[in-house]
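J.: Fit chain B to the given chain A structure using the hints.
2 protein chains.
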Amino acid sequence: MLERDKTILIVGLGLLGGKYAQVLSGKGYTVWGIDSDPGTVRWALDRAYISRGSDQPDRDLVEHADRIIFGLYPTVLLDWVKQYGSWMRPGTLVTDVSGVKRGVVAPVQQMLPRGVEFIASHPMAGRETSGITHSAEVDFAPANFIVTPTEHNTPEAIAWCRDLARTLGFARITTLSVAEHDRMIGYVSQLCHAIAVSLMCASDNSSLADYTGDSFRDLTRIARINEKLWAELFLWNRDNLIGEIDMFDAALLKLRECLASGDRAGLEAMFRLSTARRAAFDDKEKTPAAPDIPAKPES
Amino acid sequence: MLERDKTILIVGLGLLGGKYAQVLSGKGYTVWGIDSDPGTVRWALDRAYISRGSDQPDRDLVEHADRIIFGLYPTVLLDWVKQYGSWMRPGTLVTDVSGVKRGVVAPVQQMLPRGVEFIASHPMAGRETSGITHSAEVDFAPANFIVTPTEHNTPEAIAWCRDLARTLGFARITTLSVAEHDRMIGYVSQLCHAIAVSLMCASDNSSLADYTGDSFRDLTRIARINEKLWAELFLWNRDNLIGEIDMFDAALLKLRECLASGDRAGLEAMFRLSTARRAAFDDKEKTPAAPDIPAKPES
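Top to bottom, those sequences are chains A and B.
Counting in the working numbering, the first sequence runs from 58 upward without gaps.
Counting in the working numbering, the second sequence runs from 58 upward without gaps.
These are computed hints drawn from the structure, not numbers from a lab.
These figures come from a predicted structure and were not determined experimentally.
The beta-carbon is built from N, C-alpha and C at its ideal position, and this holds for glycine as well.
Mixed in with the good hints there might be a few duds.
Here are the computed lysine-lysine pairs in the DSS-like style, where the Cα-Cα straight-line distance is at most 25 Å [to be verified]:
(1) Lys285(B) - Lys311(A)
(2) Lys311(B) - Lys311(A)
(3) Lys84(B) - Lys63(B)
(4) Lys63(A) - Lys84(A)
(5) Lys285(A) - Lys63(B)
Just a sample of chain B residues kept apart from chain A, beta carbon distances all over 10 Å, derived [what the hints assert, rightly or not]:
(6) Trp100
(7) Ala105
(8) Asp275
Excised from the complex, chain A in its bound form:
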C-alpha cells in the first residue's frame, strides 16, 4: 500500500481527479488539490476530499508535494508541466490519468526537472459524465488500471504507481508499453465510441426510439460523450484510430458485399466467426482474473 507519510497533490479535480481525492482522503492520506475552477476547489474542501487547495498553480503546494497526480486533459497537462513543472522538487513521483499516452509521456518526461519521475498510467474508469460533482458515481472496483512505463522509469516508481492503483481499489492492474497502450485503446475504446457516435449521427432516429430493442440501446449508450475530452483523445491517437476504422470498415463492406450478391454462405461464415470470438470472450470474462498481474520487464 502507499506510504502514509507522503503528501499527494492532485492537479485537476475533475471526474477522475476528484474520485482519486475522495478515495485517498477517505483512506487517511494527506491530499491537496489544485483546480482552475474555484467552485470545484471549494466543493472538494467542503467534503474533505482535500485538506488544502488552490484555484491557482500554487508554487507552495507543488514544491511541498511528494506525489503529484495530473487529472488534466492531455493538452492542458502538457501546457501545465511546461509552465510549472520546474517547481517540483527532486524525488517527486508524478502520474496522470490520460486516456492516450504517446503524445504525453515522452514530452512530460523530457520537461520535468532532473530527479522528478513521471510514471504514466491510465485508469480505465471513465463515464459519460464529467466534473467532481459526479466523482462519487465512478466505480474503480470492476475497472482496469494500466501502467505504461518507459525505459526512463525506475522499478520504485512503477511499484508506487501500482500501489496507488491497489489503494484506489482497481480490479486489475496491468502493464503495457506506451505504444501497446495506444493501439489497444484505439480498438477497445476509441473505435467503439467512433461507431456509436456514427450510428447516432447517421440519421435522425428519434421516431424509432419507440421500437428499439436492447441492441440499439447497448450500441449507442456510449454515444453520450464529453466532446472536448474525446476530440482530444481521438486526435492524439488519430493514426491508430484511423487504422482501426479502416479495418472495421473493411469487415463491414465485406458483409455489405455478401448482402448485395446474396452470398448466404459468406454471411453465415462471418456470423460463425463473430459468434466464436464473442463466445471465447465471454468464457475469458467468466474466468476470475488475477487481481494484480505482475509487471513484465519493459523493453
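T.: Just chain B now, kept in the frame of chain A:
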C-alpha cells in the same frame, strides 16, 4: 383477452414458438404443437407446453385448430404454407413471429385458402440462444410486439393479434405497415447486428479481452448470433439493410475525415449531435410508455 374456447396450434416450437406455448398453456389455453424435431415435441409434451403434438405436418391438427401461429424461419414458413396451407379451414386466424415482413406477408396471404386470414406480427424478444430448451429464458415483459396488417386484414383479426400479445404479456403493442416495419428493423436491429459482427470480425481481438471496458462488451454482446436465422433475416431485408449500412458508413467516414484532417471542430460537432440524440433517447425511455398503443388506421 383471447377467447378461451379456441384451440391454438403452434407450428415450429423454437425459442419463440416454445415460449408462446409455455405461456399460453400456463394460462389455461388449449395449445397443440408441430415441430419437425421429435425431441422438441416430446420436450413440449413432457412439460405440458402443449397437450397434443406431432413431428409431422399433421393434417388432423391443422384442420381442427382455430388459431395457428408460425414460429418458423421465413423461408421455411413460406414452404410450409405452400405445401400444407390448404388444410386450414375457413375462419382460421394465422400469425407468425418473423423478424422481416415484406417477403413473407403478401405471399402467405395469397397462398392461404379463402376465409383463412393471415395477420402478421413480430415479437421483438429474440435472444442469442435458440431452441425450445431456452424458451424459459425469454422475457416478454419489457419487449415490443409489432402487428403489421395489410389492406387484406379485418379489424377482428388485428384485434385478435393484439389480444394475443396482451395475453403473452408484452410491454408495448404497436402497429406498423409492412414496409415501415422492415425499414425500422433494418436500422434498430439489423444494422446494429451488422456492426457488432463486423467489429468482431475486423481483427483477432482475443488478446485484448484483458483490457476491455464496458464499451467493447456492450457493442459486441449481440455478435453472438444464430447464423442460419440471421442470414435469412438479413437477406430478406437486404435493400433496407444496405441502405442503412451506407448511411452509417457515410457518417463513419465523415468522422474519419475529421481525424485525418485534424478537424477538431468537426469532431466536436459530431459528438454534440450524438450526445443530444442519445440524451433525447434516454429522456424518451424514462417516460413511461403507454402499455398498448391503439391501432392506427392502415393505409
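J.: A separate judgement is required for each hint: does it hold in the structure or not?
T.: A quick look at each hint next to the structure:
no. : hint                  : result
1   : Lys285(B) - Lys311(A) : 18 Å, holds
2   : Lys311(B) - Lys311(A) : 20 Å, holds
3   : Lys84(B) - Lys63(B)   : 13 Å, holds
4   : Lys63(A) - Lys84(A)   : 13 Å, holds
5   : Lys285(A) - Lys63(B)  : 61 Å, violated
6   : Trp100                : 24 Å, holds
7   : Ala105                : 30 Å, holds
8   : Asp275                : 4 Å, violated
Violation of the numbered hints given earlier is confined to hints 5 and 8; the remaining hints are satisfied by the structure.
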